[in-house]
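Participant: Residue-level listing of the chains:
2 protein chains.
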Amino acid sequence: MYFVLYICFMNETFVANWKSQLKKGTLTFVILNVLKDNEYYGYELIEEIKKHTDMEVAEGTLYPILNRLKMDNLVDSKWVEQGTGIPRKYYSLTEVGMKTLAEMNAYWKTLVFDIEKIIK
Amino acid sequence: MYFVLYICFMNETFVANWKSQLKKGTLTFVILNVLKDNEYYGYELIEEIKKHTDMEVAEGTLYPILNRLKMDNLVDSKWVEQGTGIPRKYYSLTEVGMKTLAEMNAYWKTLVFDIEKIIK
DNA sequence: CAAAGTACATTGCTATACAATGTATTTTCT
DNA sequence: AGAAAATACATTGTATAGCAATGTACTTTG
Chain D
89 MYFVLYICFM NETFVANWKS QLKKGTLTFV ILNVLKDNEY YGYELIEEIK
139 KHTDMEVAEG TLYPILNRLK MDNLVDSKWV EQGTGIPRKY YSLTEVGMKT
189 LAEMNAYWKT LVFDIEKIIK
Chain Y
89 MYFVLYICFM NETFVANWKS QLKKGTLTFV ILNVLKDNEY YGYELIEEIK
139 KHTDMEVAEG TLYPILNRLK MDNLVDSKWV EQGTGIPRKY YSLTEVGMKT
189 LAEMNAYWKT LVFDIEKIIK
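If you read the sequences in order, they're chains D and Y.
Remember, the numbering used here sits 88 above the position in the first sequence when you count from 1.
Remember, the numbering used here sits 88 above the position in the second sequence when you count from 1.
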């Protein structure tokens, strides 16, 4: 009885950890794809991603990603003052960002296709 | 001119790093799926994955993964002596491994579906 | 007026990929 | 026959990314 409970626990933490690891790569990919069509500010991106996927994105995850993307010149940002409340930092794809994303989309497609075959 | 070359360089290293990050999660997932149908030994798994995907798997990546999977009771291993040459360590899915993989497959499916919609 | 929500940000921890390195045997090429 | 490449295992150190925790500051809701 205890053994069964233990196994289930192990199983769940493994899957939870796996989902977290799976974000390394897919999350950046998702963010760039979301930014492809519109400008978004950080907090809004979290809501947007939560709405469209099963992924929960911590703020301590998102903001560093956006900083990296800006450092690598894939996105640009601009502060937009609000009539009331805290100003928002809007992010948009750069030319380099769009080209890079196209490359990433191609790789993602083949990856999904290959894995599909392996899963059968 | 130099600027263009610089941009291209940045772009390629970003994508290369992204592909590496993308493996965190997908690689374990691929390995478990490959082991679903047959037993394989480590070196063979690398060949198998290279054959079916665009992924290059370093030995220093694979063996730690297999150790982790065994530690978590998702796979089991047995040494098989060869008539000639170095003995092989064959890995196979356990019951827990199969159940966990089923859960992972379900999550992967929804993830791919959700991302598909975002990419449009 | 307190709690929750909005919106930004950083720090420290953990897990993973991978280059580099090592051992040992067998096969292939010259 | 000897060198190089391939087979087959393994470990160590480094870099990266997700994330809980924590912090600031303003606004809305109960």
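Quick caveat, the hints were computed from the structure, so don't treat them as lab data.
Fair warning: there could be bad hints in the mix.
Since the list gives no way to pick out one identical chain from another, each pair is judged satisfied if it fits inside one copy or across any two copies.
Quick list of in silico lysine-lysine cross-link-like pairs, PhoX-like style, CA-CA up to 25 Å [what the hints assert, rightly or not]:
{"hint": "1", "residue 1": "K139", "residue 2": "K208"}
{"hint": "2", "residue 1": "K112", "residue 2": "K139"}
{"hint": "3", "residue 1": "K124", "residue 2": "K205"}
{"hint": "4", "residue 1": "K197", "residue 2": "K177"}
{"hint": "5", "residue 1": "K112", "residue 2": "K158"}
{"hint": "6", "residue 1": "K107", "residue 2": "K177"}
{"hint": "7", "residue 1": "K166", "residue 2": "K205"}
{"hint": "8", "residue 1": "K166", "residue 2": "K177"}
{"hint": "9", "residue 1": "K107", "residue 2": "K166"}
{"hint": "10", "residue 1": "K187", "residue 2": "K205"}
{"hint": "11", "residue 1": "K166", "residue 2": "K197"}
{"hint": "12", "residue 1": "K124", "residue 2": "K197"}
{"hint": "13", "residue 1": "K177", "residue 2": "K124"}
{"hint": "14", "residue 1": "K208", "residue 2": "K124"}
{"hint": "15", "residue 1": "K138", "residue 2": "K208"}
{"hint": "16", "residue 1": "K187", "residue 2": "K107"}
{"hint": "17", "residue 1": "K205", "residue 2": "K107"}
{"hint": "18", "residue 1": "K107", "residue 2": "K208"}
{"hint": "19", "residue 1": "K112", "residue 2": "K197"}
{"hint": "20", "residue 1": "K187", "residue 2": "K112"}
{"hint": "21", "residue 1": "K208", "residue 2": "K187"}
Participant: Would you mind marking each hint as holding or not holding in the structure?
Facilitator: Do the hints match the structure? See the list:
no.: 1; hint: K139 with K208; in the structure: between (29 Å within a copy, 16 Å between copies)
no.: 2; hint: K112 with K139; in the structure: both (19 Å within a copy, 24 Å between copies)
no.: 3; hint: K124 with K205; in the structure: between (29 Å within a copy, 13 Å between copies)
no.: 4; hint: K197 with K177; in the structure: neither (31 Å within a copy, 33 Å between copies)
no.: 5; hint: K112 with K158; in the structure: both (17 Å within a copy, 23 Å between copies)
no.: 6; hint: K107 with K177; in the structure: neither (28 Å within a copy, 28 Å between copies)
no.: 7; hint: K166 with K205; in the structure: neither (43 Å within a copy, 27 Å between copies)
no.: 8; hint: K166 with K177; in the structure: within (5 Å within a copy, 55 Å between copies)
no.: 9; hint: K107 with K166; in the structure: neither (32 Å within a copy, 29 Å between copies)
no.: 10; hint: K187 with K205; in the structure: between (28 Å within a copy, 20 Å between copies)
no.: 11; hint: K166 with K197; in the structure: neither (32 Å within a copy, 36 Å between copies)
no.: 12; hint: K124 with K197; in the structure: both (17 Å within a copy, 23 Å between copies)
no.: 13; hint: K177 with K124; in the structure: within (16 Å within a copy, 46 Å between copies)
no.: 14; hint: K208 with K124; in the structure: between (32 Å within a copy, 11 Å between copies)
no.: 15; hint: K138 with K208; in the structure: between (29 Å within a copy, 17 Å between copies)
no.: 16; hint: K187 with K107; in the structure: between (28 Å within a copy, 16 Å between copies)
no.: 17; hint: K205 with K107; in the structure: both (21 Å within a copy, 20 Å between copies)
no.: 18; hint: K107 with K208; in the structure: both (21 Å within a copy, 23 Å between copies)
no.: 19; hint: K112 with K197; in the structure: both (17 Å within a copy, 17 Å between copies)
no.: 20; hint: K187 with K112; in the structure: both (21 Å within a copy, 24 Å between copies)
no.: 21; hint: K208 with K187; in the structure: between (32 Å within a copy, 17 Å between copies)
Hint check: violations occur at hints 4, 6, 7, 9 and 11; the rest are consistent with the structure.
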